[in-house]
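Trainee: The residues making up each chain are set out below.
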Amino acid sequence: MKLGVVKAYLKKEFIDLWRSKMIVMVYLIPMMVVILFGYGIRMEVTHSRTVIIDRDNTKMSQEIIRAFSTTKYFDTKVLNITDNEALRLIKQNKADLFIIIPHNFEKNLMHSRNAEIAVYIDGSFPLRATTLEGYVQGVFLNQLEKNGVKVPFKINQRNFFNESMRDENGIIPGLIGLTMLIAPAIIAALLIVKEKEAGTIFNFYSSPVSKIEFLIAKLTPPFILYSFNTFILFLIAVYIFKVPFKGSFLLYFLASEIYIVISIGIGLLVSIITSRQVTALVLTVLITVIPGFLYSGILMPISSMTGESYIEAHMFPVMYYNHLLYDAFLIAQGFNSPKNVEYFFILIFYAAALLFIGSLLLKKELK
Amino acid sequence: MLEVKNVTVKYKNIVGVRNVSFKADSGEIIGFIGADGAGKSSTMHAIAGVKRFEGEIIFRGQVYHSPKEAEKIKPQLSLMPQGLGLVLYDNLSVKEHFEFFRNIREVKRDIEYEKRLLNMAGLYEFQDRLAGHLSGGMRQKLSLILALLPRPKLLILDEPTTGVDPISRRELWDIVDGFRKKEGIIALISTAYMQEAEKMDKLLLFDEGEVIARGKADELKESIKDYTYEGEIESEDCFSFNNRTYSLKPLNLKKASPLLEGVFFVNALKKGKKNLKIELEEKEAKLSEVVVKAEGLTKKFGSFIADDHVDLELKSGEILGLLGANGAGKTTFMKMLLGLYPIDEGELYLLGKRIKSYEDRLELKSKIGYMSQRFALYEEMSVKENMEYFAKMHDLSPKETKEKIEYFSTLFGFKKYLNDFPKDLPLGINQRFSLSVALLHEPVVLFLDEPTSGVDTIARATFWKFLREIKEKWKISILITTHYMSEAEYCDRVVVLKRGKKIVDDEVKKLHEKFPGLSFEEIFIKYYEGSA
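Residue numbers (the working numbering), protein chains in the order written: chain A, 1 to 367; chain B, 1 to 532.
By construction, these hints were calculated from the structure, which means they are not laboratory data. All values derive from a computational prediction rather than experimental measurement. It is possible that part of the hints are untrue.
Unchecked claim - The calculated lysine-lysine pairs, modelled on DSS-like cross-linking and capped at a C-alpha distance of 25 Å, are:
| hint | chain 1 | residue 1 | chain 2 | residue 2 |
| --- | --- | --- | --- | --- |
| 1 | B | Lys95 | A | Lys21 |
| 2 | B | Lys10 | A | Lys363 |
| 3 | B | Lys423 | A | Lys367 |
| 4 | A | Lys246 | A | Lys146 |
| 5 | A | Lys367 | B | Lys10 |
| 6 | B | Lys68 | A | Lys367 |
| 7 | A | Lys2 | B | Lys5 |
| 8 | B | Lys68 | A | Lys194 |
| 9 | A | Lys7 | B | Lys108 |
| 10 | B | Lys153 | A | Lys211 |
| 11 | A | Lys7 | B | Lys423 |
| 12 | B | Lys199 | B | Lys526 |
| 13 | A | Lys364 | B | Lys526 |
| 14 | B | Lys108 | A | Lys211 |
| 15 | B | Lys5 | A | Lys364 |
| 16 | A | Lys2 | B | Lys95 |
| 17 | B | Lys12 | A | Lys367 |
| 18 | B | Lys95 | A | Lys194 |
| 19 | B | Lys72 | A | Lys367 |
| 20 | A | Lys363 | B | Lys68 |
| 21 | B | Lys10 | B | Lys23 |
| 22 | A | Lys59 | A | Lys146 |
| 23 | A | Lys2 | B | Lys68 |
| 24 | B | Lys10 | A | Lys2 |
| 25 | A | Lys364 | B | Lys12 |
| 26 | B | Lys12 | A | Lys363 |
| 27 | A | Lys7 | B | Lys115 |
| 28 | B | Lys72 | A | Lys211 |
| 29 | B | Lys72 | A | Lys7 |
| 30 | B | Lys10 | A | Lys211 |
| 31 | B | Lys10 | A | Lys364 |
Working from the sequences, and respecting the hints, build out all of it.
Mentor: This is the structure we're talking about:
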């Protein structure tokens, strides 16, 4: 390997990244993804527009209404309308759910007769509906207990690791896993395909520059630039989204560096099969966003996947990195957990394999 | 020194070039002559070791059969691929390019040598300018001196002069010529300009993926002198072009000194190809005296002025050639005439009508035929489907459409290709079929943008013959752009643009009277230099 050649190429790449303003993309895109998605994705449902029709009008029903009005989860309105009118409110998207407390509710309850409550939830978004259902049940159980109604059992629930059950704590690390898969891959692919599209690739093809020199020159800039991003994204997570960081920063940093290499490896493979920047961009986004989002465990726990999706999730490197990320942020087991060690080595394997395949497939000739 | 043995280059399903063999000694310039797709670039890519090939190449005792084996000769080689400054990075300055190429080619900095190169290319004062801000000619010259920087022993230049203004072209040649003598290099140079062939030591003539003739320019011309006659005649058994007629059978005409392009004609005749005869019926057309009148047309792109107050008049029944290098403003000008670009300044009259808005153009659309650069055909549709589509756009009835397709495909000789896809056809066929698409709706004026670029000699000759016939019999006025200065010969009048400004506007006849004995290339260089 000739160091002078690599240095010359590197200098050119950095000048080009700077003057073509691609550098903005390098830092802006990951930050934007984390910030926008971080604020945008919410698993918990708050301020759902709730209509309560109180036909009982007793102390108990008043208390229930108060219980609903005092949480952030419901924006409660008490209306005296018919069932059909309430239904219309949901259809017109003026309410998300309505609750009917029937006549004689308190009386039935006190006399241990079957007391029923009607809850109608807009089910167009199943996830929101089931969440709301849980909330509503919770409020009622709580209320009954306070009033001395015997509930045959009691759940003593406590969440570990994300004690406050904040959405951000779960989502932000997942988003870091997503962006760090997409962004370095795009830049790596573009840096190579750009030369193919412009014709400057001939400088590599027809000169004594070796494949290894070219690869180092092309892949080092995205690696260095995105290494800084691991710090930036860490700061965003901890200071803007207040995600606790309980584990080892070293684990976070090392795992992220390896993960960047994986992403760059994907970009390299894309650059080999494409010859236009647009195609390279679309293809990279396509093959990184889907595993980065669906099979990463952000939206759906991997353990609840079955069949094909379970296998697919294990095929993509995202799952392993996210596991380590969650450990670094929330669990803090570090390398004491054999699973973390295993996943760490799986990541190293991915990185090495991608780079190896990429350098084998890269040809110093026209197609 | 360089020996190429039976080299064949294949792409997925087509053969780029078949069985090329030749030898070259140091100090020699080998010229590759031929049209786009004739096999010149394929051969160069094989020799430069950037494309897989069959056969064997030996350079200075090193034998190679593949790009991988060619690695060992790459330190001695420079390739300048086809395209204006293709190897340049737009965001790097001239100086930074030198630094980059010096380092990747691992040459020691030789200040004197670099200064000489920069001076030769006239770039010494522009060292801090970004490559993206250089003109086409300057880009080509920079690419060339960068190729010379590592002092290669084998210099491969793929159409270094295509589309470059005549002065830069001459300078490019001076640089190469000076070099090969001093440094004893082998230079392989392809060109689309026949005049440049004279400057080469040896020529390889490419046609349809094969070398059809080789030798010195004089030898090649000598070889066809028995078939070359003066004047132009119309017959199936001979080709006429450039005031020469080529025929295998003896003709009752005076013999003439042959031109190099004649080799292509004679070769075609030997292969049994027939000249396309074209006879059109006379048509009457009443037209205003002046078909197109542009006064001070100006187009700006940001701070760049593509066309700077250009006046132009296309008279009825005239072929007007709009000439200039790439980037001179020809296409931009034509797009303003067509309303594809808004006009920034100036006035435009089409068929006697002042054009101010889009509505003004609507009723004229049916009178204007347009053929765009690189022909703008639909690649996924067959020739026939393309024609049907364009006929529908012009509201032709199905019956009319059928008749027109039949008529034009017979007339222009592409009937047997009707069911083929444009991308599978030679450029020359696409060119004729695009012309017939432009003629479908019987326009009275034709705008043709670079219709002859990259097309082989015979197709070009045929095309010009068609144009003159269309003009004479159908009274259609034609505005045509080209970067081949020599094609001025076939126009009635020429306008030459240089970086957006008009430098020539005269009748061809008068130009010849003014500069007796000079070729158009030479005449325009005088204007370019401002000495005429």
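Trainee: With the threshold set at 25 Å, check whether the alpha-carbon distance from Lys95/B to Lys21/A stays at or below it.
Mentor: holds (21 Å)
Trainee: Are the Cα atoms of Lys10/B and Lys211/A separated by 25 Å or less?
Mentor: holds (24 Å)
Trainee: Taking only the CA atoms, is the gap from Lys7/A to Lys108/B under or equal to 25 Å?
Mentor: holds (15 Å)
Trainee: Regarding the pair Lys72/B and Lys367/A, is the alpha-carbon distance no greater than 25 Å?
Mentor: The given pair, whose Cα atoms are some 21 Å apart, holds under the 25 Å limit.
Trainee: So if I understand the rule, the pair passes when the alpha-carbon distance is 25 Å or less; does Lys5/B with Lys364/A pass?
Mentor: holds (22 Å)
Trainee: Is the Cα-Cα distance between Lys72/B and Lys7/A 25 Å or less?
Mentor: The given pair, whose Cα atoms are some 22 Å apart, holds under the 25 Å limit.
Trainee: Are the Cα positions of Lys153/B and Lys211/A separated by 25 Å at most?
Mentor: Given pair Lys153/B, Lys211/A holds - Cα atoms ~23 Å apart, limit 25 Å.
Trainee: Next pair to validate is Lys95/B with Lys194/A; report whether the Cα-Cα distance is within 25 Å.
Mentor: holds (22 Å)
Trainee: Does Lys10/B pair with Lys363/A here, judged by a C-alpha cut-off of 25 Å?
Mentor: Holds: Lys10/B and Lys363/A sit about 17 Å apart, inside 25 Å.
Trainee: Checking one constraint from the list: CA of Lys108/B to CA of Lys211/A, max 25 Å. Satisfied?
Mentor: Given pair Lys108/B, Lys211/A holds - Cα atoms ~22 Å apart, limit 25 Å.
Trainee: For the pair supplied as a hint, Lys10/B and Lys364/A, confirm whether the alpha-carbon distance does not exceed 25 Å.
Mentor: holds (17 Å)
Trainee: Against the 25 Å threshold, does the CA-CA distance of Lys72/B and Lys211/A hold or violate the hint?
Mentor: holds (14 Å)
When held up to the earlier numbered hints, the structure conflicts with 4, 7, 11, 13, 24 and fits the remainder.
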